[in-house]
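Here are the chains, one letter per residue:
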Amino acid sequence: MTEGILDSLRDICEDPALGAVRLWMEQHPAAPVVGYLPAYAPRELVYAAGGLAVGVWGGGARVEIIHGDAYYQSYICHLPRSVIEMAKKGVFEGFKGFVFPSICDVIRNLSGMWKLLFPRQWASYLDLPQNFDPGIGGKFYREELIRLSTLIRGAEPDEDYLERLREAIILTNRQRKALLRLQRFRRSFPHKAPIDEYYYLLRSALLLHPSEHTGLVERYLSAEIEGRDAKPLDNVRVVLVGAFCEQPPVGLLKTIERAGCYIVNDDLMLGLCWLTSPLREEGDPLESLVEGYLEKTGMAPFKYQGDKDRGEELVRLVHESKAEGVLFAAPSFCDPALLERPMLQEALKKAKIPFTSFKYSENGCQYQGIREMAGTFSDSLRLWDGEL
Amino acid sequence: MSEDQARTRSSKELRKQMFDDYFQQLCAAREEGKKVVYTFVPGNLTELMLSFDFIPVYPEINAIQSALRGESKAYINRAEIHGHSEDVCTYVKCDVGMMLSGNIGPSGKPLPPPDLLLLSYTGCFTFMKWFEHLKALYDCPMVMLHVPYQGDGVITEAMVSYVTGQLEEVVIPLMEKVAGKKYDPDRVRDLCSMAAKAEDLFVSCLEAARNVPSPIDGYFGGVFEIFPIFNAFRGTRAAVDYYEALLREIGLRIDQKLGSFTLEGNMGEEKYRLVVEGTPNWTHFWELWKMFYRRKAVVVASSYTRVGGLYDLGFRHDPESPLESFARYCMGCYTNLSLPQRVELLSRYIRDYRADGLIVHSVKSCNSFSAGQLFLLQEVEKKTGVPCGFIESDLVDPRYFSHAHIKNRLDAYFQMIDEQRKHG
Numbered sequence: 030m031t032e033g034i035l036d037s038l039r040d041i042c043e044d045p046a047l048g049a050v051r052l053w054m055e056q057h058p059a060a061p062v063v064g065y066l067p068a069y070a071p072r073e074l075v076y077a078a079g080g081l082a083v084g085v086w087g088g089g090a091r092v093e094i095i096h097g098d099a100y101y102q103s104y105i106c107h108l109p110r111s112v113i114e115m116a117k118k119g120v121f122e123g124f125k126g127f128v129f130p131s132i133c134d135v136i137r138n139l140s141g142m143w144k145l146l147f148p149r150q151w152a153s154y155l156d157l158p159q160n161f162d163p164g165i166g167g168k169f170y171r172e173e174l175i176r177l178s179t180l181i182r183g184a185e186p187d188e189d190y191l192e193r194l195r196e197a198i199i200l201t202n203r204q205r206k207a208l209l210r211l212q213r214f215r216r217s218f219p220h221k222a223p224i225d226e227y228y229y230l231l232r233s234a235l236l237l238h239p240s241e242h243t244g245l246v247e248r249y250l251s252a253e254i255e256g257r258d259a260k261p262l263d264n265v266r267v268v269l270v271g272a273f274c275e276q277p278p279v280g281l282l283k284t285i286e287r288a289g290c291y292i293v294n295d296d297l298m299l300g301l302c303w304l305t306s307p308l309r310e311e312g313d314p315l316e317s318l319v320e321g322y323l324e325k326t327g328m329a330p331f332k333y334q335g336d337k338d339r340g341e342e343l344v345r346l347v348h349e350s351k352a353e354g355v356l357f358a359a360p361s362f363c364d365p366a367l368l369e370r371p372m373l374q375e376a377l378k379k380a381k382i383p384f385t386s387f388k389y390s391e392n393g394c395q396y397q398g399i400r401e402m403a404g405t406f407s408d409s410l411r412l413w414d415g416e417l
Numbered sequence: 174m175s176e177d178q179a180r181t182r183s184s185k186e187l188r189k190q191m192f193d194d195y196f197q198q199l200c201a202a203r204e205e206g207k208k209v210v211y212t213f214v215p216g217n218l219t220e221l222m223l224s225f226d227f228i229p230v231y232p233e234i235n236a237i238q239s240a241l242r243g244e245s246k247a248y249i250n251r252a253e254i255h256g257h258s259e260d261v262c263t264y265v266k267c268d269v270g271m272m273l274s275g276n277i278g279p280s281g282k283p284l285p286p287p288d289l290l291l292l293s294y295t296g297c298f299t300f301m302k303w304f305e306h307l308k309a310l311y312d313c314p315m316v317m318l319h320v321p322y323q324g325d326g327v328i329t330e331a332m333v334s335y336v337t338g339q340l341e342e343v344v345i346p347l348m349e350k351v352a353g354k355k356y357d358p359d360r361v362r363d364l365c366s367m368a369a370k371a372e373d374l375f376v377s378c379l380e381a382a383r384n385v386p387s388p389i390d391g392y393f394g395g396v397f398e399i400f401p402i403f404n405a406f407r408g409t410r411a412a413v414d415y416y417e418a419l420l421r422e423i424g425l426r427i428d429q430k431l432g433s434f435t436l437e438g439n440m441g442e443e444k445y446r447l448v449v450e451g452t453p454n455w456t457h458f459w460e461l462w463k464m465f466y467r468r469k470a471v472v473v474a475s476s477y478t479r480v481g482g483l484y485d486l487g488f489r490h491d492p493e494s495p496l497e498s499f500a501r502y503c504m505g506c507y508t509n510l511s512l513p514q515r516v517e518l519l520s521r522y523i524r525d526y527r528a529d530g531l532i533v534h535s536v537k538s539c540n541s542f543s544a545g546q547l548f549l550l551q552e553v554e555k556k557t558g559v560p561c562g563f564i565e566s567d568l569v570d571p572r573y574f575s576h577a578h579i580k581n582r583l584d585a586y587f588q589m590i591d592e593q594r595k596h597g
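Sequence lines, in order, name chains S and V.
Be aware that the first sequence starts at 30, since it is given in this note's numbering, and climbs by one per residue.
Be aware that the second sequence starts at 174, since it is given in this note's numbering, and climbs by one per residue.
Read the hints as simulated data drawn from the structure, not as lab findings.
Values in this document were obtained by computation on a predicted structure and should not be read as measured data.
Certain hints may be false.
[To be verified] Over 10 angstroms on every C-beta distance to chain V, these chain S residues come out as not near it, computed from the model:
| no. | residue |
| --- | --- |
| 1 | Leu-35 |
| 2 | Pro-58 |
| 3 | Ala-59 |
| 4 | Ile-95 |
| 5 | Glu-122 |
| 6 | His-220 |
| 7 | Gly-256 |
| 8 | Arg-257 |
| 9 | Pro-278 |
| 10 | Lys-351 |
| 11 | Gln-397 |
[Unchecked claim] Selected chain S positions facing chain V (Cβ under 7 angstroms, derived; list incomplete):
| no. | residue |
| --- | --- |
| 12 | Gln-102 |
| 13 | Ile-105 |
| 14 | Asp-134 |
| 15 | Ser-140 |
| 16 | Gly-141 |
| 17 | Met-142 |
| 18 | Phe-169 |
| 19 | Asp-364 |
| 20 | Leu-367 |
| 21 | Leu-368 |
| 22 | Glu-369 |
| 23 | Pro-371 |
| 24 | Met-372 |
In this text, a Cβ means the ideal position worked out from N, Cα and C, and glycines have one as well.
Let the sequences and hints guide you as you build the complete structure.
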């Protein structure tokens, strides 16, 4: 049963033409389809308008870059090239608009490029507040949500829309619950839910409507829990940090595991499971989204944490995941991930948690170096008690 | 210094005096019980800091000075050994390396550590990570002022209210605590009033470049023009004196048709009038400037001289509503503009300053400027019809400066302008 699901999810995720999205558009011709860039957007606003929110986390290795490189110097990360390439090839034809969340300068500037390159779609920069006081940052974020809802549905939110927003919150709460269950399951039994399966289950959430996707994850979990007869390997357990935006190729994730490291916690597609507890399902749904962002989101490199120490949070995460080490895996030229790496490493050193680091690009296909690095790391933990 | 005394001195003398006084004051800060605030140039709240008698320190300027003194390479190496990636902003690495090496300032004495880190989060995402690093190095409070981006090319009331809310509820209360004194609105008003005077004069200096020949270089020479207004002096009498002196000198240069000031005297006749987009390279600043003026190219306007505020578009600090004007100032800085606004502004400079073309200087380190610059170049070319050229290096990492590469690009670019002139 799971094989059928997984084949289908793999096809959905690896289709550079986004066939699953096109199919949905054919089935819902009048519904708004809205793309959103990493790492977090309140996609409930789109579902409430009867639409589909499509997470555009880059084109991966299957998108051949012909036009994209003409827009970016070699020292800019790969994600915006593949996104522009897909747009130029017409992959996003029929999308009503795009949301560009405030996570880095590259995505910020891409929002402006989009306005000029694709004037038939609206392009909206979403300023996620860095002030977490409900009366200041919360008030501002509410205004942002109203502005965004108005773009999505073409009119300011009314009572009917707010009612549907409540329903959308219930829908995404259920989806997050399923995804968290998946993550917990993998944390306990990484050998039973291989990394590629786990990854496709997560990534397909960017492309499918939650009403369809949640059921697939639930079916996968019940089938797995019923018993896949897989034996655990003598792998070490690691946390993967830095892959919240541009995604590593699935082959790279598999290489890490084959080299002896079970990835038992990660920040892959961070925004999907960023909320640490469910959104409030009753009362004002806009306030629920505001409260969710201000009070229920976890740590992220693009979020101001005030006096909270991100290093300490990572150490806690490592312990909570019963991990033995950390793999820092960031895309080349990713400022948020690479700039915070030294601080996190310092915290790990103090806590005597071993780590190693590498960079990748979404279209990379040579994994030999990373296999050796991950293999050595795994050996050092298993054989020499973390001595590198 | 009296106004009469200031009037008899050149802008260069005044600048040197301001610079010396500032570093002397900074080095004596601890002994004299003065508090020091580290903050950033874009969206700086200088008037507010001065009203509390804080001495502002700008880490970008420390990095620039290290590069001009030839010390940035060693500092960057130090930071990379400390674990920083080769891919990230070299301002950050230079600054962190400088701290790790004793935080020695231009006077040869250590700079005082901060009493407060004021994270004015304007126009650059790296700022937050940069100050997180400093927070880890220094035991002092940090406060964030989040400045929304002009994604739609406008400043809305919601954006203004968000920034003023942070100033009233978060930034000012913490400043009061650190300074040990209350917020003084009258003093802030006076400082804003003085700032507006300097801003008027500054705009007159910048716009003098509309003359042919231009009496100033608005990019390389512009570094001297922006110095007080982007730095710790906005809101002071000294800044007004400086700009008055500069404007007098510019007036003489226009009358005598001296052209712009260069390292080797007056340029006189100019052959190419350019607009430049992007931050300068600081490790080879003088060398790069020579590559322009020795080809008789003068920069008449640049985006870099607008990173600390777009005064030529009309913004002035407003003594009647200082907090709102701080908010509008922060949101109006060049790097906080959307890409379509940047295209529009550069195209406007090309028209207003009668420029022959645009040169984009792209730096590896700065995504805020660099991401989208190739597209920006194409759009400006489309809008204005002038030839646009592209050169690349870095901010303060000398490893990324290639003289031959830039020279070839510039020569080809100037040939292109010549050919276009020949063929109408």
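Cross-check of the supplied hints:
No Cβ of chain V comes within 10 angstroms of the Cβ of S:Leu-35; the nearest lies about 35 angstroms off, and the non-interface call holds. Annotated as non-interface, S:Pro-58 keeps its C-beta farther than 10 angstroms from every C-beta of chain V; the closest such distance is 29 angstroms. Distance check on S:Ala-59: its Cβ is at least 26 angstroms (rounded) from any Cβ of chain V, clearing the 10 angstroms threshold; non-interface status holds. The beta carbon of S:Ile-95 sits about 15 angstroms from the closest Cβ of chain V, which is more than 10 angstroms, so the claim that it is off the interface holds.
The beta carbon of S:Glu-122 is kept farther than 10 angstroms from every beta carbon of chain V, the shortest such distance being approximately 20 angstroms. Listed as outside the interface, S:His-220 is consistent with that label: its C-beta sits roughly 33 angstroms from the nearest C-beta of chain V, beyond the 10 angstroms cut-off. Taking the minimum C-beta to C-beta distance to chain V, about 44 angstroms, the non-interface status of S:Gly-256 holds against the 10 angstroms cut. With 10 angstroms as the threshold on Cβ separation, the claim that S:Arg-257 sits away from chain V holds: the shortest Cβ distance comes to roughly 39 angstroms.
With a minimum CB-CB distance of about 19 angstroms to chain V, S:Pro-278 clears the 10 angstroms threshold, and the non-interface call stands. The claim that S:Lys-351 is not at the interface with chain V holds, since no C-beta of that chain comes within 10 angstroms of its own (minimum 26 angstroms). The claim that S:Gln-397 lies off the interface holds: its Cβ sits roughly 21 angstroms from the closest Cβ of chain V, which is beyond the 10 angstroms cut-off. Given hint, S:Gln-102 at the interface with chain V, holds; its Cβ is 6 angstroms from that chain's nearest Cβ, closer than 7 angstroms.
Interface hint status for S:Ile-105: upheld, as the beta-carbon distance to the closest one in chain V is roughly 5 angstroms, under 7 angstroms. Against a cut-off of 7 angstroms between C-beta atoms, the interface hint on S:Asp-134 holds, since the closest Cβ of chain V lies about 4 angstroms away. Annotation: S:Ser-140 was flagged as interfacial toward chain V, and the flag holds, the nearest CB pair being 6 angstroms apart, inside 7 angstroms. Hint status for S:Gly-141 relative to chain V: holds, with the closest Cβ pair at about 3 angstroms, below 7 angstroms.
Hint on S:Met-142 holds. Least Cβ distance to chain V is approximately 5 angstroms, under the 7 angstroms limit. A cut of 7 angstroms between beta carbons decides the hint on S:Phe-169: the least distance to chain V is about 4 angstroms, and the hint holds. Here the hint on S:Asp-364 is kept, as its CB sits about 6 angstroms from the closest CB of chain V, short of 7 angstroms. Hint on S:Leu-367 holds. Least Cβ distance to chain V is approximately 4 angstroms, under the 7 angstroms limit.
Because the closest C-beta pair between S:Leu-368 and chain V is about 4 angstroms apart, less than 7 angstroms, the hint holds. The criterion of a C-beta within 7 angstroms of any C-beta in chain V is met by S:Glu-369, whose closest approach is roughly 6 angstroms, and the hint holds. Proximity of S:Pro-371 to chain V holds as hinted, the smallest CB-CB distance being about 4 angstroms (cut-off 7 angstroms). Among the interface hints, the one on S:Met-372 holds; its C-beta lies about 6 angstroms from the nearest C-beta in chain V, closer than the 7 angstroms criterion.
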